[in-house]
Amino acid sequence: MAAMPSLKSREIKIVQDIPISKTLPFWEGLKQGKVLATKCKKCGKLYFPPVADCSQCLASDMEWVELSGEATIETFTHVVVRPTTFQHEKPYTVAIGRLKEGVRVLAWLTGFKLSEVKVGMKAKLVAKITPEGNLTYEFTRLE
Amino acid sequence: MRKVAVIGVGSSKFGVRNDVNVAELAFEAFKPSVEDAGISPKDIEFVAVGSTGAGAWYEELLPAVVSAEYCGLTGAGLVRCEAACASGSAAFTTAYWAVASGQAEIALALGVEKMREIDTPTMMEWIGRAGYYLWEFHNFGVTFPAYYALYATAHMAKFGTTEEDLALVAVKNHKYASMNPIAHLQNRITVDDVLSSMVIAAPLKLFDCCPVTDGAASLILASEEKVKELKIDTPVWVAGIGYASGTANLSKRLDYVGLEATVSASQMAYKMAKISPDQLDVAVVHDCFTIAEIMAYEDLGFCKKGEGAKLIREGQTEIGGKIPVNVDGGLKAKGHPIGATGCSMIYELTKQLREEAVEKGRQAPMKNYIALAHNVGGTGHYCYVTILRR
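So the sequence lines, in the order shown, correspond to chains A and Z. Everything in the first sequence is counted per the working numbering, starting at 1 for the first residue and increasing by one. Everything in the second sequence is counted per the working numbering, starting at 1 for the first residue and increasing by one.
In case anyone wonders, no lab produced these hints; they're calculated from the structure. A virtual CB, placed ideally from N, CA and C, is assigned to each residue, including glycine. Some clues are possibly wrong.
[Unchecked claim] Covered stretches of chain A, as calculated for chain Z (at least 3 residues, CB under 8 Å):
1) 3 to 14
2) 35 to 45
3) 55 to 65
4) 69 to 76
5) 79 to 86
[As the list claims (entries may be wrong)] Every beta carbon over 10 Å from chain Z, so not counted as near; a handful from chain A, in silico:
6) E28
7) K122
8) P131
Isolated chain A (complex conformation) (with noise of 0.2 Å):
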């Protein structure tokens, strides 16, 4: 079939500002090589991602923990075909795992072959700056 005729709409670049100053500790300790959590100071509930507010009281007054990065992976994928703004980064293996204080994790998982990769296998959660000095965080082997 030939290609329908259209018109081509006017061309919009979007770049978003993410505010990021509650969870301010959380970039910082990436910097730092740490991996934090926060904390519920009224009942106790540990947050990852972090965030400023309960979600289980509704209070506010959050306090800052280090975790552990102890993990056990419960699931992953290999992605292949990639989203434009990954198109330069090779196929990337994401996974889910928990970390011993019982909150879970999704993160990139590197260091490993992809055949050696198991659902229920140990890794540790590593904080991260990216060649293009992004701050994240990553699932790789325990040494």
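Given the structure of chain A, go ahead and fit chain Z onto it with the hints provided.
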């Protein structure tokens, strides 16, 4: 709450519809729905539009407004409903409430989505952001197939579900789509075709995924009084509606072998309709990926948790089996124009329940004249279950 019936349905052809813009596509579904009901646009008092990609993957930011003007509906009460891939069901539920509450006699649910005006990586980008952008997409680029692949990996590890089992869902749904002239993908496929197709997000491959589709579906809802006044022969009654939601972060779900929102929404719908799953004659379930249909069997109570693969292996979800599922081809092969899908499901079930105008090879046998539609938004972020009864 008053009784509400579906009295008119219409659908566009699904597929790559670069011949029409969003309003023209909406019209293509709208016109047959008013003709089916025997009403005119001015009889419609309230309009709920389901559409998700406004301003993102198509150019109009206010699709409800442009579609309403184009269809001659200006002046009616108007809203656009967003519940991701369940936006069509959110619109249907909103229109249902308008009539059930007594505020409107006739309402319209119109689902429309134009998805093929942008390139595929940009579509992967937009839909990947449909979860929690900040925590799961920004650094990790989780695509929509990848979210469901996380469920597939866990389901396979826990219950022994195989890639072949997943492939059977695609083979079945392509078979029925091949008999459905409005379906996007009308080709028959084999298990080997699925297994040898390219990996998108392991373990899901290309043929485990629904296509990116343009489409629209339109539904006219009316009160019992209007049904009598208009002398509608075969009203299809809304017997039950259930809804629920799930966490934005996938990392906060209880497990990865089912969708809690589906369990909650279906239990609510069964309770309202006063039925159990074994009374259903036919169902359409949210099979955006093959694993989603297997999990839906379990979460909707068609079988026990972990036995979804057995149900497809035994052919129990084909016509002639225990509960025919997605005999229109499903999202997998009929196509998944996100905001239109929920309305498209009700369109199909209305035709099935009327036992009319459905191609013979895919008419489910009717015993109780009860049907169920299961529509998930996001990865279990939203869920709507609708039960219809003739």
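Hints, one by one, checked against the model:
1. 3 to 14: holds (count 4)
2. 35 to 45: violated (count 0)
3. 55 to 65: violated (count 0)
4. 69 to 76: holds (count 3)
5. 79 to 86: The restraint on the stretch 79 to 86 of chain A holds, since 8 of its residues have a Cβ under 8 Å from chain Z and three suffice.
6. E28: Holds, because the least Cβ-Cβ distance between E28/A and chain Z comes to about 16 Å, which exceeds 10 Å.
7. K122: 15 Å, holds
8. P131: Given a closest Cβ separation of 13 Å, the condition holds.
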